[in-house]
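**Student:** With chain A fixed as given, assemble chain B onto it according to the hints.
Single-letter residue listing:
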Amino acid sequence: MASAATFLEQLRQTRVWKSIFRRGPALTNRTRSLAVFGNLFLHFLPVKVREKSLRARATYYLGSFSFLLFLTLVITGVLLMFYYHPAIPQAYRDMKDLRFVVSSGVFLRNLHRLGAHLMVIAVFAHMFHVFYRGGYKPPHEFNWVVGVILLLVTLFLSYTGYLLPWDQLAFWAITVGTNIISAMPVIGNRVKFLVLGGHVVGENALLRFYVLHCVVLPLVAVLLVGIHFWRVQKDGGLTVKSEDDRKE
Amino acid sequence: MNEQKKPGSGGESPEPDKKEGLARRDFLNEVTFGALGVAGLGSAVVTYQYFSPNVLFEPPTRFRAGRPDQYPVDSPIFLQDQQVYIVRTKDGFYAVSAICTHLGCITQWKPEANQIACPCHGSKFERDGKKIEGPAPLPLPHFLITLSPDGELVVDKLETIKSDQVLKV
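Line by line, the protein sequences are chains A and B. Take the first sequence: its position 32, counted from the start at 1, is 32 in the numbering used here, and no numbers get skipped. Take the second sequence: its position 27, counted from the start at 1, is 27 in the numbering used here, and no numbers get skipped.
Calculated directly from the structure, the hints in this document are not laboratory data. Do not rely on the hints blindly, as some may be mistaken.
[Claimed, not checked] Straight-line alpha carbon distances no greater than 27 angstroms define the calculated DSS-like cross-link-like pairs of lysine-lysine that follow:
#1 B:Lys124 to B:Lys110
#2 A:Lys192 to B:Lys131
#3 B:Lys168 to B:Lys157
#4 A:Lys18 to A:Lys48
#5 B:Lys90 to B:Lys162
#6 B:Lys157 to B:Lys124
#7 B:Lys130 to B:Lys168
#8 A:Lys234 to A:Lys137
#9 B:Lys124 to A:Lys192
#10 B:Lys162 to A:Lys192
#11 A:Lys192 to B:Lys157
#12 A:Lys234 to A:Lys48
[As the list claims (entries may be wrong)] Beta-carbon label-pair distances, calculated as ranges:
#13 A:Arg190 to B:Pro72: 39 to 45 angstroms
#14 B:Gly37 to A:Asp97: 46 to 52 angstroms
#15 B:Ser163 to A:Gln90: 40 to 46 angstroms
Quick reminder that beta carbons are idealized off the backbone N, C-alpha and C, glycines included.
In isolation and in its complexed conformation, chain A is listed as follows (with noise of 0.2 angstroms):
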């Protein structure tokens, strides 16, 4: 451990490290304070927190847990475009191959399709439970705003993924979705069309679903997530309450 310790030491003092770190070992506030601030990952997370705002029921960490999950499927979505061609009949074909010749495939396809699904659930109980709590009050409506457009967006993510296997099931699903679209006054059949990219679910939607869901929407999620969470901070920090004190 000593040694350990005295080479981590001596690492802090070569030239390599100061150049990317700027900064020597964080051993008192200030320069704990100054790690935060100085680092591009951690500047929008609070230099302190209270403690009763770490406590599980302060926030059973559903806010945390919907952004790991967006975080594993950000890697198990990449891992899965190496594999799959967003066209017909390839697409489908892909997703059979993930699922029983690539080595490894199954797994990641699975974790990619029940994180998703536990991302919807996940996203809907942090807003019940930030709901609850009053958290929507100011100074935090403008997070709560945010907060809504962060779940539409999840939950786009969630349709647009749907179609991408290119079975059955997904093909109904975005039939029946895009017809509740043209139910829309007036522009109904225009919005659908725009959509679709023609006027049936085939070799333009699936790749227009494929470009959303891949690019458009986790560049628009990763956005608003940095923005939710430094205003988390801006506001003042996480909603904490009196009974939070109270022992379980």
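**Tutor:** Chain B in isolation, oriented as in the chain A frame:
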């Protein structure tokens, strides 16, 4: 003497440079944002056009349904590829859409019940598309059916006609 009485001239006004009408800054702002607005509107139109395909590789909406004598009287024949029923009655022919008006599922002709049924949500129709029960909000539409010069039936799925029109052959 006269000059001194005019407002905005001389040193007595607090803002000696202020003139009637727009200030230069406001004018430039309006021109800039107006130009950006026009450009934005144009981009929106062009983007809409870009996302609307001009050529579709879908089954043609107008198709030949074979010779009239292929069809037995009083039996709807389901054309799988086109999702259309061709019905021959004593009076003539008509073509009924097989796509449920509820949410777009493909209906099926049930000869034993003498009706068209949707497997998705249970809508039922007569053989001429009349609605027996929902959730479908509308009857199945009839498509324009004509006879080609060489004597084959031609159905156009973009043209809907009244349900009492039949093609006499």
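**Student:** Quick one: which hint numbers does this structure break? Sort them smallest to largest.
**Tutor:** none
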